[in-house]
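S.K.: Letter by letter, the chains look like this.
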Amino acid sequence: MNKEQRHLNVTAIENGTVIDHIPANNVFKVLRILNLENNKNQVLFGDNLDSQKYGKKGLVKVSNTFFEGNEINKIALVAPTATFIEIKNFEVVTKKQVEVPDQIKSIVKCFNPNCITNVENVPSRFTVVDKEQMKLLCHYCEKITGKNNIVFR
Amino acid sequence: MKDKNLVSITDFNKEQYLKILEIAADFEKNPNQKLLNDHVVASLFFEPSTRTRLSFETAANRLGARVIGFSDSGSTSVKKGESLKDTIIMVSGYADIIVMRHPREGAARWASEVSSVPVINAGDGANQHPTQCLLDMYSIMQTQGTLDNLNIAFVGDLKYGRTVHSLVQAMCNFNATFHFVSPEELKLPSASKMHIKNNKLSYYQYTELSDVIPIVDIIYMTRIQKERFSDPLDYEKVKNSYVLDRAMLQNCKANMKILHPLPRVNEISEDVDETPQAFYFKQAENGVYVRQALLAAIAGVK
Ligand SMILES: [Zn+2]
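For the record, the sequence lines run as chains A and B.
So that you can map any letter, position 35 of the first sequence is 35 in my numbering, and since no number is skipped, the others follow by simple counting.
So that you can map any letter, position 186 of the second sequence is 186 in my numbering, and since no number is skipped, the others follow by simple counting.
These are computed hints drawn from the structure, not numbers from a lab.
None of these values were measured; they are calculated from a predicted model.
Every residue gets a Cβ at the ideal spot worked out from N, C-alpha and C, and that includes glycine.
Possibly wrong hints are sitting among the right ones.
Straight-line distance between alpha carbons at most 25 Å, and here's what the computed DSS-like set of lysine-lysine pairs gives [to be verified]: (1) K85/B to K159/B; (2) K159/B to K143/A; (3) K88/A to K109/A; (4) K143/A to K253/B; (5) K187/B to K135/A; (6) K143/A to K200/B; (7) K109/A to K85/B; (8) K95/A to K53/A.
Examples of chain B residues lying across from chain A (beta carbon under 8 Å, computed) [as the list claims (entries may be wrong)]: (9) P31; (10) N32; (11) K34; (12) G81; (13) S83; (14) L84; (15) E105; (16) A107; (17) R109; (18) A191; (19) H195.
Distance windows between CB atoms, simulated [to be verified]: (20) G300/B to F152/A: 40 to 48 Å; (21) D102/A to K159/B: 24 to 32 Å; (22) F152/A to G145/B: 47 to 55 Å; (23) E99/A to S202/B: 44 to 52 Å; (24) E99/A to N266/B: 21 to 29 Å; (25) V151/A to E82/B: 21 to 29 Å; (26) V151/A to G145/B: 18 to 26 Å; (27) E132/A to P232/B: 50 to 58 Å.
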């Protein structure tokens, strides 16, 4: 048994969700987007863990909390590779893969400084026009925010 | 089209464009029709634009509507820090239709979502100005007798010119062939080109204005602004290359007309004004009929 496995066993949860295969260094963004900063249950997370698939990865475990499809897809922008593993009575019940949604609301800032969403208190809203390149078309100013300009609000 | 917002030119479809143009033609024949006697139109100009405001207010007046509003946000509660949302909710309690111009992109879309009455976008920053696009289409229709299968040249600042982007989008519905003439620095953005490609239409790019004059039905001129160049020397190099004068029109097609969203600076020399090709002043006048048509259609009386 290597170190990581031992660590995972120690923190195994009875009921809840494990979010695996988060790209390294994006764990904190995932915690924020899923509002786990304010979750009252036990939340455990790790970053830069060894991963066979990706080299390094992040991981989150949260007790007594389960996520709906649209919540899961919220993290697609920062963790498109992530898997949500639901655990009940220490057993894996389901595994759900993150999918890039068609619409993204509130969590991303429009990169256009003259956009009304950056000037007034307006929730941002985008259509994902290119899911591979992550091109987001702003519903308000009609400008495209690209992958490299994505900033979370 | 009753109660519909017009924020972006893509909010309307081909059928709706044609309907508006048809109603506009009727208003051109008979401009004073008091169809909106019992209507209040709010004209909210959060930044000044005298030309557009006068055109809209003339249209509303010719329809018999009462107009409320402001021509510059400097003298209003907006200056005291009131949010756009609050201003729009308040005004939509007073008026039946809101016409608004705002310096921020997306402002009109947001207003249309918080307003209880229809919103017409009279320009939101560098984004959209759909009534300009409709009056451009009306002018093309009027001069060519059709919108279909035309060769259209766009000249000047094709990168930042919002009227160019909207008109390209709209004319993609009518099997147009596009000819783009601009300096290297001000070429049409890729999003607009993608729109043309998605509609399986053709476009050609040029740096010489004289190349397109003999082959097109419409020349749409725009102003090249000095502020758009990072190097002032680049501006000096091109500033006189996109100026249309009378001598250049010798070999143009007989039906060819010149459009310009105005105001012009020097890109169309004054000796063109007297030629049969000049159509830009009539184009501005057409704006009133098109805005009458739009107000009447949205109010549900046409
Ligand atoms: Zn925007």
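S.K.: Hint by hint, which ones does this structure get wrong, listed from lowest number up?
M.R.: 1, 3, 4, 9, 10, 11, 12, 19, 23, 24, 26, 27
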